[in-house]
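S.K.: Sequence:
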Amino acid sequence: MSLGSNIAPEVNLTRAVAALRARFGEVLVSPVYRTPAVGFRGPDFLNAIAVIDSDIHPFALNDWLHALELKQGRDRRDASYSDRTLDIDIIYFGDLVLDGPGDFQLPRPELHHAFVLKPLADIAPTFVDPVRRMTLERLWAAHPEFSKPPQQVPLEL
Numbered sequence: 133m134s135l136g137s138n139i140a141p142e143v144n145l146t147r148a149v150a151a152l153r154a155r156f157g158e159v160l161v162s163p164v165y166r167t168p169a170v171g172f173r174g175p176d177f178l179n180a181i182a183v184i185d186s187d188i189h190p191f192a193l194n195d196w197l198h199a200l201e202l203k204q205g206r207d208r209r210d211a212s213y214s215d216r217t218l219d220i221d222i223i224y225f226g227d228l229v230l231d232g233p234g235d236f237q238l239p240r241p242e243l244h245h246a247f248v249l250k251p252l253a254d255i256a257p258t259f260v261d262p263v264r265r266m267t268l269e270r271l272w273a274a275h276p277e278f279s280k281p282p283q284q285v286p287l288e289l
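To convert, count from 1 in the sequence shown and add 132; that's my numbering.
No lab work stands behind these hints: they were computed from the structure.
Any given hint could be a false lead.
Pair by pair, the computed Cβ-Cβ distance ranges are [unchecked claim]:
1) V143 to P262: 33 to 39 Å
2) P286 to D235: 20 to 26 Å
3) M266 to G232: 22 to 28 Å
Predicted, not measured: the structure shown is a model, and the values here were computed from it.
Even glycine gets a Cβ: it sits at the ideal position worked out from N, Cα and C.
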């Protein structure tokens, strides 16, 4: 799943990973990257990828993640392009391809953003995207920002 925050991001990402660990156990976390806000003017975001083993259906996981966002101060009434205390999206759920309620889609279409694809390629380079049939490493190598990746920041989650 992708994790992002541009409001007290160090605190909010650390709390989010702690909550994931408390609920799901071991969490594998990518390096953290700083990227400009997309679609609006605002502070830079810190972004990372977290990998968990989930014991619940993707729809239930999505609901749990939305509750976590709300617990950390996310106001879902805000426009889609706005500052965020916490934004978590399931990018992959194994090799499942699925559409669901609202804008739920697996894999998530945000792969075209370097702030999603770069940390994914860092953490799971050999994972094969079930739609594009390419490894994350190859997808990142073909990305327009490959030669100028987002700035990595020294934050351990």
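S.K.: Against each hint, give a clear statement of whether it holds in the structure.
M.R.: Verification of the hints:
no.: 1; hint: V143 to P262: 33 to 39 Å; result: holds (34 Å)
no.: 2; hint: P286 to D235: 20 to 26 Å; result: violated (33 Å)
no.: 3; hint: M266 to G232: 22 to 28 Å; result: holds (24 Å)
When the structure is compared with the earlier hints, a violation turns up for hint 2 alone.
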